[in-house]
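Asker: So the sequences go chain by chain: G and X.
In this text, residue positions in the first sequence follow the numbering used here: the first is 1, and each later residue adds one.
In this text, residue positions in the second sequence follow the numbering used here: the first is 1001, and each later residue adds one.
Please keep in mind that the hints were generated in silico from the structure rather than gathered at the bench.
In silico contact screen, one side only, chain X against chain G (beta carbon under 7 Å); selected entries:
#	residue
1	Arg1005
2	Phe1010
3	Leu1012
4	Thr1039
5	Ala1058
6	Thr1194
Not everything, but these chain X residues come out facing chain G in the computed CB check (under 7 Å):
#	residue
7	Asp1011
8	Gly1108
9	Gln1109
No experiment lies behind these values; they were computed from the predicted model shown.
We treat Cβ as the ideally placed atom computed from N, Cα and C, and that holds for glycine.
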Amino acid sequence: MTKHPITLYINGQEFNVFVSGHHTLVQVIRDQLNLTEVKVCCGRGECGACSVLVDDSSEPSGRKVIDACLALAAAYDGRKITTSFGLAKDGVLNPVQQAFVEESAVQCGFCTPGMVVKGTAILERNPKATEDEIRFGLEGNICRCTGYVKIVDAVQKARDAMSANK
Amino acid sequence: MENSRILPEFDLLLPASVAEAVKMLSVYKDKASVMAGGTDIIVSATQGFVSPYVISMAKIKELDYITFDKATGLRIGAMTTLQKIADSPVVQKEYPALCKSAAINGTGQTRNMGTAVGNIMRASPSGDCACAVLALGGTLVLQSAAGTREVSVDEFFIGYKKTARKPDELAVELKLPPPATASKSAFNRITRTTLDLSKVNCAVSLQMKGETCTQARIAMGAVAPTTLRLKKSEELLKGQKITDELLKKVAASVAGQIVPIDDVRSTAEYRKDVSGVILKRTIQTALAQ
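One chain only, chain G, in its complex shape (with noise of 0.2 Å):
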């Protein structure tokens, strides 16, 4: 099998690596490069939890959420990607992180990273999004503990700390 180099930008740190046609972003971000905040749960696209955000200068943020489970590592060569932990600056969580932690958003834990990082890609796209808006963009991540209540209450929070900033 044809082995692919590749470069991944990710949180901004610049990766390369030997990656084989089938193995997928989130296989190659958790395995290879250890970043272990990128879960991967149901591996079908079902789940959300491997979520991240990569490069689309067609988006006004210039970045739209994927599956990494769904990607091919080598299809994303050269990409710019975002993973929960790149959401954070200079350790100063982000108004949805840190949203999550007011509201305790979080039970086990497992689909966090996913949910900050699907939090924040709706936000992008559409700063005024209402709570059924919220609701809608939040399908696609999925959430075994808290019964979403929750969740979209910090996403709430979240987008009215960040009009409130502006």
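Chain X: place on chain G using the hints.
Answerer: Frame of chain G; chain X shown alone:
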């Protein structure tokens, strides 16, 4: 069923242009599958179904576009994501059925990866974009080393997950005709949860003159081995004023035209019962626009 998060091995090919991809397909033919967003192919691979070669279109930048011209209609490149289609003002305004079928397809993540052309190429009987495009009367543009040909969506779905695409052909574009004056379209589906594939989906495209329907195209999915045109229901609408009475007749005409099965998402019996109602509601949605 085997279901692993570690994919079986295959060779990944990453052509940088359509010309290069077509050349690869002319060599590997049915040993290769073509991947756009990967949201179908990778899921199949987790269950062990994968071809020895996968040709990813990820590096082909030239296929990411939506263009619209009043005279010639809409053109969507094969790498245009579902989210971009759902966000497109012209698709929202002129092709509501396609817009809805893209906007509700999968999740935010998979809409940012998957494509409408990929949904059609998959030829799953429950494909939502495939259903909308069948109602809107689209055309697929296929390119091979021998040249380019266009296939009407009416001739495209030839069997369960089987299309008229030849193994050396690359689907490069989806074309939709310009919407006629006073044409209306809508898409509707039922699922158990919003992430599910459709139990039944339905799309209609109606040309209206006042309250009279002059032309109708109706497509329904997940009720036969392929997405179906409901031509008998179309005939009932043609030239008629759309009244509640007529809609009852149209709804009653559906069950005889479909051959649904029992599967993991629903039963044949339920699909027969509900399909007429879905069609009636889809027509009402289209007319309300």
